[in-house]
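Undergrad: These are the residues of each chain, in order.
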Amino acid sequence: MTFEPRIVGFLCNWCSYAGADLAGVSRISYPTNIRIIRLMCSGRVEPVIVLETLAQGADGVLVMGCHIGDCHYISGNLYAERKINVLKKLLARTSLEVGRLRLEWVSASEGGRFAELVKDFVEQIKALGPSPLAGDKPDKNILAGVLAAKAAAEDFRLRLLVGREKTMIDDGNVYGEKVSEEELDKILNEVIDTEFVRNRIYLLVKEKPLSVKELSERLDLDSKTVLRHVVVMRRRGLITVDRVEGTSPLYTALEVGR
Amino acid sequence: MKDKVGAVLVVGGGIAGIQASLDLADSGFKVYLLDESPTIGGTMTQLDKTFPTNDCAMCILAPKLVTAGRHPNIELVMGGEIRSVEGEEGNFKVKLIRRPRRVNEEKCTGCGVCAQKCPVEAIDEFNQGLSERCAIYVKYPQAVPLVFAIDRDKCIGCGTCQEVCKAGAIEYDEEEKEIVLNVGSIVLAPGFEEFDPSLKSEYGYGRYPNVISSIEFERILSASGPYGGMVLRPSDGEVPRRVAFIQCVGSRDAKLGNNYCSFACCMYAIKESIIAKEHNPDLQCTIFFMDMRAFGKEFDAYYSRAEEEYGVRFVRSRVSRVEEVPESQNLIVRHVVEEEPKDEEFDLVVLSVGMRPPKGVEGLAKAFGIKLNKYNFCSTETFSPLETSRPGIYVCGTFAAPKDIPESVAQASGAAAKAASIIATERGKLTVIKELPSEIDVSGEEPRIGAFICHCGINIGGVVNVPEIVEYVKTLPNVVYAEENLYTCSQDTQKRIREKIKEHNLNRVVVASCTPRTHEPLFRETIREAGLNIYLFEMSNIRDQCSWVHMHEHEKATEKAKDLVRSIVAKARLLKPLKKPMINVVPVGLVIGGGLSGMTAALELAKQGFDVHLVEKEKELGGNLRHIHYVLGSEDPQERLSSIVKEVSENEKIHVYLGAEIANIEGYVGNFKTTLNHNGEKKEIDHGIVIVATGAIEYKPTEYLYKEDERVLTQRELEERLAKGEFNAKTVAMIQCVGSRNEERPNCSRICCVQAVKNALKIKELSSETDVYVFYKDVRTYGLNEDYYREAASRGILFIRYDDENKPRVSRENGPLKVLAMEPVLKTWLPIEPDLLVLSAATIPNPDNQRISEMLKVPLTKDGFFLEAHMKLRPIDFATEGVFLCGLAHSPKLIEESISQACGAAARAITILSKKALEVEGAIASVNEDLCSGCRICEALCEYGAIKMEGKDGKLVSTVLEALCKGCGVCGSSCPTGAISMLHFTDDEILAQVRAALREKKHD
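If you read the sequences in order, they're chains V and F. Following our numbering, the numbering of the first sequence begins with 1 at its first residue and continues without gaps. Following our numbering, the numbering of the second sequence begins with 259 at its first residue and continues without gaps.
Mixed in with the good hints there might be a few duds.
Not everything, but these chain F residues come out facing chain V in the computed CB check (under 8 Å) [said to hold, decoys possible]:
| # | residue |
| --- | --- |
| 1 | N312 |
| 2 | V324 |
| 3 | H808 |
| 4 | K814 |
| 5 | K818 |
| 6 | A921 |
| 7 | I923 |
| 8 | V927 |
| 9 | S1231 |
| 10 | T1235 |
Just so you have them, the derived chain V footprint on chain F, three or more residues with Cβ under 8 Å [to be verified]:
| # | region |
| --- | --- |
| 11 | 479-485 |
| 12 | 1098-1110 |
| 13 | 1198-1211 |
| 14 | 1244-1254 |
Keep in mind the hints are simulated off the structure, nothing from the lab. Note that the coordinates shown come from a computational prediction; the quantities given were computed from them, not determined experimentally. Beta carbons: idealized from backbone N, C-alpha and C, even for Gly.
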């Protein structure tokens, strides 16, 4: 059987959903693979929702909003853009292809463009093949990565930074200093890196207690780095020592504190 | 006198007519919105994008169309033609005929099967004849009302549409009907007609296929246009490389009798060039123009961008002829550069056609008994820009004079204020208030979902196996009832839905049919009539986004429809009833600024019965108008000013505070509390709305020896001298754009060209011997003011152009003032020794704007003027509800424009003040205070000022001001702690939809 991707589309009500309607009114056909979920604004698209959609086995996620400047809510699409940017950074750290996620702008009069984009995205996903998370036996390792990414996206630190990003670039920080895009991007990357790894650690030790050495093998990271994360996580009350086996302390996840 | 009638007739369903109708209907009047065509929307529906924001026109217009089409107080009268108007202000009897549509408006569902089967093709006027439509048609895909019409001229009477119409809507034998409407006032907004460019025969329109009009080019640019958004030329469908725009086709042309300027063409040509270059960056766009009239808010910045970023070429030259090269069908554009004729070849020529009065304007004027001006636009005066010559009949939009969309919208609101004020006593008497049963409490109940699956004639049923969907949906958890309908939207199905809700105790309803964008309000209303909260409804789009786009894949489409329905049922299961909170409104207005705009707005509010507090920081009313002694035309501004001041002072409803300052403003729409410092005392005022009319000031030049030499004046100072009889000069030089259009202030001050022409003409009137020189960059006497420019030129006033590289040089060696100006043709420096040098100083924002904008939490432009909610369609509103804007505080503008906008601000404000309480949207953000960390991110992100931080139990928490939240969800999706949820679009609801769409349910 040929591979028919299952794609979830998150569309804003005012432009892109209207564009999709216009494709219908104009009878422009496109592949049947997309399932559209209507939101009021692309700015509503949460990284957590997209990551959960991928974890649920969607082969692709297509987010669409109004063109820049056209947003019905003035600037919602700008926030969507920033969130997708963070999402892509998170995905890049998992083994799931970043190409399974795409953000596009479609206006209410671009029925043709909408159909073209769907067609193109379906091709893109066909080239990638079925999601390793689809079907009854999702790839455990990749799933762990995506779930860690999701947990990172839920994390206060990351969300706070993303939320402050635009204000800090446009209006400056509390010292009245404007922070450059590059600088913030660098900080963001660091936070994403650490949060992603820590959440992977957390999810791994949640399954069963593991040592630093075992964690470093599973994560393909040097044990010194893993230990640093373990120390921070322990101090934050995310994990604790379960028992010591031989010379290795085994860590386990705590429910409290999260 | 006869009894007054609380209804208004609005003639013309373009953007102006729609805006006037919405404002009137929202403030308690019954509206008949009449248009000759079968749909509303007007010219704006044909536009691709709008300047200077490049917004997609349909994206911003469609929501207004839908609101107007569904408004309970607006009755659309399509295909109407006025016959006679009897009666007087307050009570008119309007006789009209309604041309047969031959499709029953009640029955037609807009499904479009008829047009797919119709064998006759006709020219599609919507696409300017560049494509074909059928004899049964809708004007454009998003048409309101979405009802087809038969073009009797083209229909051959084959009977096919009647055979295929499952709704039984086709009525071939429908006859012309005569209707009599009884209304209290009338608003005329019949719009304009494009100039027919074939009348300008030297440009070859109609003879050469690659010479097209600007509106045709607009359709070509549109993604929904004839070429699907590809820029192609009509002769051979090739992509053009070189496109020429020729300006002022049918405008500023005395030979044709159209001396006026058409206002919008310079800007739309720039816009079309930019968009064309966005489509195809290799395109070379050249605009041939006389003066580049980029006089509006932020327009000059747009003009510079076109030149610098997009590489649009601007050639200042009048084109004398266009000729075709027969082999290539390319075009030779003959023009004059520095007195020398020059030929240049192009692949496509776009004629920027001007605006003409609407077709049949004489008949219209006769029927309404109103006067037209010499160009056949509606006759109005500077100080009464909204009044026609017949009391009770008002005008707005391009029928009053050529203008752009924001001016039309502002004027439409203004006309609505005028139309309402004469029948203010009748407010609410003819509007409908529906009696609704009280809501059934469904809390704690297990979801009982009823599903209604629509065939939409054959639109869905012809592709998707509807009975199979019905059987399938019955197997889904919590679905207790499902049925199929031929048309779920038909009147009889609404009755059925209500019955089924009762019969099966349904507490959630799902409809699978077309798009919620148009039909959700109808079904929400239906379930509400059956006692269910409107948020217990959900809709699945299995037509526009399924059957219509997968017409040849029946099985896959059916599978997809199942997924979509299952997904929406999963969301429906989680739906919660939401309250639409009511917010009390204090029926009192606050107007900040006692200039012409502020006083006008206050008077309009008072005339409609509302108390107004008018706050002026100076010791007297009048603002800038105190310094204006002449206008173009015959009115005396000082006489007008004193009569307005008298009217304001004598009106019991207006409370004036002179020498007062706003100290603080708190609250939100309906309930503001403002503190004033007045006569050394603090005064608190409760009010429901705010109108910002803080005006602007004249720039005090630092250039050209101003303040150093008493012979150097500003235009305003000159005007004072002229008025006091102190003028005495043999030679006067005027320099335009002093303090405008420079690096510091890149935008145009809009009024100075008109002001210079006005004062120059006054000088000639008082002393015809005096020589007047005007040094300018572009003469921007837009609209009908062009007449005075022409008059000035004919009276010997010399207009000499300068550019930034060669600005006039002013010196005063040995006594006399000396102006050296570059003569642009001869390229020599021309010396003049004027007795007076008059500087056309910029209009700059009121320095108080910053403080007031912070108090009201509304934005300013880079230049420091107030920034409205939307530059095109919301020129008077702020994004923050309940705060409005008018006059110079918005941007520099002429008296008539300020008055229109001020009346408009009153009309917009009255849509709030006329309600005892405002019903607020239920699907808004909601904060879980326990989770809130007080980080203030949401507060910073909200564009509507809908988040307020409050101290509660010793911690700072975010609070949603329900009246202001628009429900976009940006705050919720950015909240670091997940404390904010978006009601009706919660994470759980969205994820349930995702999971169900993907079928498998795993690892929750």
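Undergrad: Look at each hint and say if it fits the structure.
TA: A quick look at each hint next to the structure:
no.: 1; hint: N312; result: 6 Å, holds
no.: 2; hint: V324; result: 10 Å, violated
no.: 3; hint: H808; result: 5 Å, holds
no.: 4; hint: K814; result: 4 Å, holds
no.: 5; hint: K818; result: 5 Å, holds
no.: 6; hint: A921; result: 26 Å, violated
no.: 7; hint: I923; result: 22 Å, violated
no.: 8; hint: V927; result: 17 Å, violated
no.: 9; hint: S1231; result: 4 Å, holds
no.: 10; hint: T1235; result: 6 Å, holds
no.: 11; hint: 479-485; result: holds (count 3)
no.: 12; hint: 1098-1110; result: violated (count 0)
no.: 13; hint: 1198-1211; result: holds (count 3)
no.: 14; hint: 1244-1254; result: holds (count 6)
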